[in-house]
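So the sequence lines, in the order shown, correspond to chains L and B. For the first sequence, my numbering assigns the number 118 to the initial residue and increments by one for each residue that follows. For the second sequence, my numbering assigns the number 33 to the initial residue and increments by one for each residue that follows.
Just so you know, these hints were derived from the structure itself, not from any lab. Everything hinted at is true.
Now the stretches of chain B that chain L is said to cover, found in silico as 3 or more residues with beta-carbon under 8 angstroms:
| id | region |
| --- | --- |
| 1 | 101-109 |
| 2 | 115-121 |
| 3 | 128-134 |
Footprint (simulated), chain B over chain L, 3 or more residues, beta carbon under 8 angstroms:
| id | region |
| --- | --- |
| 4 | 127-135 |
| 5 | 190-198 |
| 6 | 201-215 |
Just so you know, even glycine gets a beta-carbon here, dropped at the ideal spot from N, CA and C.
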Amino acid sequence: MNGTIIRLALQALLGRRRIWLLLALPLALIGLTALIRTLSSDPDAAWPMISFLGYPLVLPLVAVLAASSVLGPEVDDGSIVYLLSKPVSRHAIAISKWLVAWSATLVVGSLGVFIASLVAGGGSQSVGWLVAALAAGTTYSALFLALSAFTRHAVVAGLIFVLIWEGLAGGFLSGVAWLSVAQWGIQIGHSVSSSLDSPVNLTWALLASLAVTVGGVWFAGDRLRSFVLTGDE
Amino acid sequence: MSALVLDKVSRWFGNVVAVNDVTMTIGPGVTGLLGPNGAGKTTLLAMMAGFLPPSSGTVTIDGEPVWRRTDIYRQIGLVPERELSFGYLTGRQFVRANADLHRLPDAAAATDRILGVVDMVEPAARRIDTYSKGMRQRIKIAAALVHDPTVLLLDEPFNGVDPRQRMHLMELLHQLGDDGRTVLFSSHILEEVERLARHIEVVVSGRHAASGDFGAIRRLMTDRPVRYSITSSDDRALAAVLIARPAVRSVSLRPQGGLDVQVSDLGTFASELPTLTRSHDLTLFELSPSDESLESVFAYLVDR
Numbered sequence: 118m119n120g121t122i123i124r125l126a127l128q129a130l131l132g133r134r135r136i137w138l139l140l141a142l143p144l145a146l147i148g149l150t151a152l153i154r155t156l157s158s159d160p161d162a163a164w165p166m167i168s169f170l171g172y173p174l175v176l177p178l179v180a181v182l183a184a185s186s187v188l189g190p191e192v193d194d195g196s197i198v199y200l201l202s203k204p205v206s207r208h209a210i211a212i213s214k215w216l217v218a219w220s221a222t223l224v225v226g227s228l229g230v231f232i233a234s235l236v237a238g239g240g241s242q243s244v245g246w247l248v249a250a251l252a253a254g255t256t257y258s259a260l261f262l263a264l265s266a267f268t269r270h271a272v273v274a275g276l277i278f279v280l281i282w283e284g285l286a287g288g289f290l291s292g293v294a295w296l297s298v299a300q301w302g303i304q305i306g307h308s309v310s311s312s313l314d315s316p317v318n319l320t321w322a323l324l325a326s327l328a329v330t331v332g333g334v335w336f337a338g339d340r341l342r343s344f345v346l347t348g349d350e
Numbered sequence: 033m034s035a036l037v038l039d040k041v042s043r044w045f046g047n048v049v050a051v052n053d054v055t056m057t058i059g060p061g062v063t064g065l066l067g068p069n070g071a072g073k074t075t076l077l078a079m080m081a082g083f084l085p086p087s088s089g090t091v092t093i094d095g096e097p098v099w100r101r102t103d104i105y106r107q108i109g110l111v112p113e114r115e116l117s118f119g120y121l122t123g124r125q126f127v128r129a130n131a132d133l134h135r136l137p138d139a140a141a142a143t144d145r146i147l148g149v150v151d152m153v154e155p156a157a158r159r160i161d162t163y164s165k166g167m168r169q170r171i172k173i174a175a176a177l178v179h180d181p182t183v184l185l186l187d188e189p190f191n192g193v194d195p196r197q198r199m200h201l202m203e204l205l206h207q208l209g210d211d212g213r214t215v216l217f218s219s220h221i222l223e224e225v226e227r228l229a230r231h232i233e234v235v236v237s238g239r240h241a242a243s244g245d246f247g248a249i250r251r252l253m254t255d256r257p258v259r260y261s262i263t264s265s266d267d268r269a270l271a272a273v274l275i276a277r278p279a280v281r282s283v284s285l286r287p288q289g290g291l292d293v294q295v296s297d298l299g300t301f302a303s304e305l306p307t308l309t310r311s312h313d314l315t316l317f318e319l320s321p322s323d324e325s326l327e328s329v330f331a332y333l334v335d336r
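Isolated chain L (complex conformation) (with noise of 0.2 angstroms):
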């Protein structure tokens, strides 16, 4: 961990005009979520918002903004290397730019999802999103700061990710929630609240988050150690 790396990453996230699409996809959810919650009578009809939008679409989308904000423009235009050309150690440099966007995507993900799931009914079933969205958001974060440091097209190969692979392939195959980072989080939830699905095991979703958090971590970190600097010309 190193508290510049911290700080510049920061600055990099809250200086660009980017922080303003994350605020507003939490934001949208939760104003959609209450006009629904308003106009209808049926009281359980703003779950959906959570199950459909909130938490499979809404949080991923916040990770891999948070995730490519703090890595992705100075790997994409080369300025990382004042960054690393400074005997400071690239997992160092990972850890600290993770913290940023893990914090950027519980804060504003997790939270968006939970203040979302509050309008919608709250009870129990609110206290279970959180926890799915904490442990969702926790590994979002890492897997698409992994991706952030292997290509250019994080944000488009996140997307994929998400839309592709958790959302149209988990659909229709129940097997794909056994690598889907979405169900994994789903099933931590169900721990808390029996109201969320149960997908997987427990077991196999604590220790699939965890793997997938310190080895996108790990794998950011080493990326950074093979950084190839490629010139204009």
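Got chain L; can you put chain B on it based on the hints?
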């Protein structure tokens, strides 16, 4: 005192060879890495700075390999050609961040000192995205120098810098070289290198074309046959006069008027020409080198 040693270094990207079997030793003092655009200078610098593994061969600083070595950056200061994208920071914040990343015991004092050295104290409070090209360049150099490195690598440091600031930067690099630091800068401009570097390494098309002190390389360059195009009051008479001189290798009349002259000894030719034309009552209208481009100079060096 640090020595940067490249031993039989090659680097290829797919089937494009960017650097081809380069062996050189960069010692203390200012060294210029000269070559036309696309010669592989940036690739060489990236390998020296540990941001690119050589495909074959080794790059070492004081015997230690550079690739995937984080500690090496205590010794290296790097000024990449890339633009700074930290526009949201002020100059001082940026340099200070560099000092902090090096964990300097007194980062604030080091920041102030280096801002003074590059003459950026006054604009340091402004955001970097308000800076001119020259100011960005100086803030980049300040960031690379803040930890007092023994090896300083600069990629095209004078690009886009106005003449006054260029003089200032040159003095600065000169001073650093005199202090015993190993300073290497790349450039595609002969005059820049000539003014600053005592030692020169020439790269052309990825190959190490020449190495040595500037005088020797300059002589290689000026001794080469040079072509001139000349127009005068009587081209045919001038051709007769010129072909008699040993310094002239060939003369040909151009169909549209004027002469093409190939000169083997530039110095003698230059000193003879005015007296020759005057004594034969000829008037020169135009005299211009027809192949003075740097590429032809380099091409000549490679052919040797």
